[in-house]
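Novice: Chain V is already provided as a structure; the job is to place chain Y on it using the hints.
For reference, the chains in residue letters:
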Amino acid sequence: MAEIIGGIGTSHVPTIGVAYDRKKQETPPWKPLFDGYKPIAKWLADRKPDVLIFFYNDHMNGFFSDLFPTFAIGVGQEYEGADEGSGRRALPPIKGHPDLAAHLTESLVNDEFDIATFQERAIDHGLLSPLPLLWPSQPDWPAAIIPIQVNVVQFPLPTPMRCFKLGRAIRKAVHDYPGNLRVAVVGTGGLSHQLHGERTGYNNTEWDAEFIDLLERRPEKLASMRHADYIRLGGAESVEVIMWLAMRGALADTVNRLHQNYYLATTTGMAVALFEEPAPGHPDILGHAAASSAVHAGASQ
Amino acid sequence: MNEQLRGIEDIQGLYLFDVRLAVKRVRLNRLLWQLTREDEREKFRQDEAAACRNAGLDELETRLVLERNWIELIRIGANFFALEKLIRVSGKSNLEVYAAQRGETLEEYLRTRRVPDAV
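Heads up: the sequence lines are chains V and Y, in that order.
Using the numbering used here, the letters of the first sequence correspond one by one to residues 5 to 305.
Using the numbering used here, the letters of the second sequence correspond one by one to residues -13 to 105.
Each hint should be verified, as a subset may be incorrect.
Straight-line distance between alpha carbons at most 30 Å, and here's what the computed DSS-like set of lysine-lysine pairs gives [what the hints assert, rightly or not]:
#1 V:K35 - V:K52
#2 Y:K78 - V:K27
#3 V:K176 - V:K225
#4 V:K28 - Y:K78
#5 V:K35 - Y:K29
#6 V:K176 - V:K52
#7 V:K225 - V:K99
#8 V:K35 - V:K46
#9 V:K52 - V:K169
Now the stretches of chain Y that chain V is said to cover, found in silico as 3 or more residues with beta-carbon under 8 Å [unchecked claim]:
#10 -12 to 2
#11 21 to 29
#12 71 to 78
#13 94 to 101
For the record, the hints were derived by calculation from the structure and aren't laboratory data.
Quick caveat: nothing in here was measured; it's all calculated off a predicted structure.
Note that beta-carbon positions come from the ideal geometry of N, C-alpha and C, so glycine has one too.
Same shape as in the complex, but just chain V (with noise of 0.2 Å):
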């Protein structure tokens, strides 16, 4: 089977690949951040999972109104940046892996999570902006991803909970994988954030706190609440946060949190955090369903 090694929660703000490659790493105002990310580096150079998969969002870049998809997995060999507007970034084209997507997609449209399948979009700073601070670019990058697509920029969105539940599905259906293959799950965006209208700028950083807190704790209670909770709290497009909530699903119930780090520069909130399944053996392993008929064996006793 395949084994999913830990998740990663990381903000995607188009600032971070600007300043990326304009080599700002080591500046006063962007060290900060750019060194916020060096543990986890460092922790996917160690664990070296063959697949990051990604839920990320798409920003009208890869896909428009005509047709946008609530959630959309990437299924193809290989995956060109978008051009935003202003050319595509020198970043090299990032593999797939087309036949664990191809087993994950049978496996969720078999458990009823229907989700739409594309190949040759271009994926835009939503996976793209966070990704080389993860993993080196050059001369390649090291392993594979598979793009989730999810939709947070045209209400309605997908609930929280059925982002949580994304998760849920993936996890079962990577340890049902034949092959052997070590995985990680990323989830992108937030935290705190509005970049349209006049409450643009908006940030909560107490908030953004416990929601990391949460994510690790007491996923369900985040999951439970509802977009108007994230847009009072976090902001309009903080509402993308649900995006690491699927990350969080995809994760065992009890997880290690090694590292966090948040800095707030402009505009958004930019966190990053490692989390790590537990060791195997240990009873979290054996995922979530195990884990509540656990709690329910206890309680009839």
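Specialist: Chain Y only, in chain V's frame:
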């Protein structure tokens, strides 16, 4: 009414882009989205009014695009992420447009930020 959004009516300065606006403003947003292509950018640079006309924009949409009236474009139903392409083509930074939507200059906006030189 979208049940997930019930209760946001009292939040000021919020214009959520939904499928109703996506239908009402599909021509405007398609024009903006197509600026992800260099050939479309070139056509737009050559003659902005003609590009708007060819994309089927109405008089109001055309005027707001030509004026770069960011806040009004948002109010009538431009998707912010589609609008970002026009921001790029206009040689503007997002920060300038954040400021403009608040009725501020870039300098005024940056004074309200924690690390104003992180640009």
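Novice: Now look at each hint and say whether the structure bears it out.
Specialist: Results of checking the hints against the structure:
For the suggested pair V:K35 and V:K52, the alpha carbons sit about 25 Å apart, so the restraint of at most 30 Å is met. Between Y:K78 and V:K27 the alpha-carbon distance is near 21 Å, which keeps this suggested pair within the 30 Å criterion. For the proposed pair V:K176 and V:K225, the alpha carbon gap of about 21 Å is at most 30 Å, so the pair holds. A threshold of 30 Å between alpha carbons decides the hint, and for V:K28 with Y:K78 the separation of about 20 Å falls inside it, so the pair holds.
For the proposed pair V:K35 and Y:K29, the alpha carbon gap of about 40 Å is over 30 Å, so the pair is violated. For the hint pairing V:K176 with V:K52, the CA-to-CA distance comes to about 21 Å; that is within 30 Å, so the pair holds. Between V:K225 and V:K99, the direct Cα distance comes to roughly 35 Å. Violation of the 30 Å bound is thereby established for this hinted pair. Only pairs whose Cα atoms come within 30 Å are accepted, and V:K35 paired with V:K46 is accepted, the gap being roughly 17 Å.
A hinted pair counts as satisfied when its Cα atoms are at most 30 Å apart, and V:K52 with V:K169 qualifies at roughly 26 Å. For a cut-off of 8 Å, the count of residues in the stretch -12 to 2 of chain Y with a CB near a CB of chain V stands at 13, and the three-residue condition holds. A count of 5 residues in the stretch 21 to 29 of chain Y with a Cβ less than 8 Å from any Cβ of chain V is obtained; the coverage claim is therefore met, three being the minimum. Coverage of the stretch 71 to 78 of chain Y by chain V holds [criterion: at least 3 residues with CB-CB distance below 8 Å; count 5].
Evaluation of the coverage hint for the stretch 94 to 101 of chain Y: fulfilled, as 6 residues show C-beta separations to chain V shorter than 8 Å, against a requirement of three.
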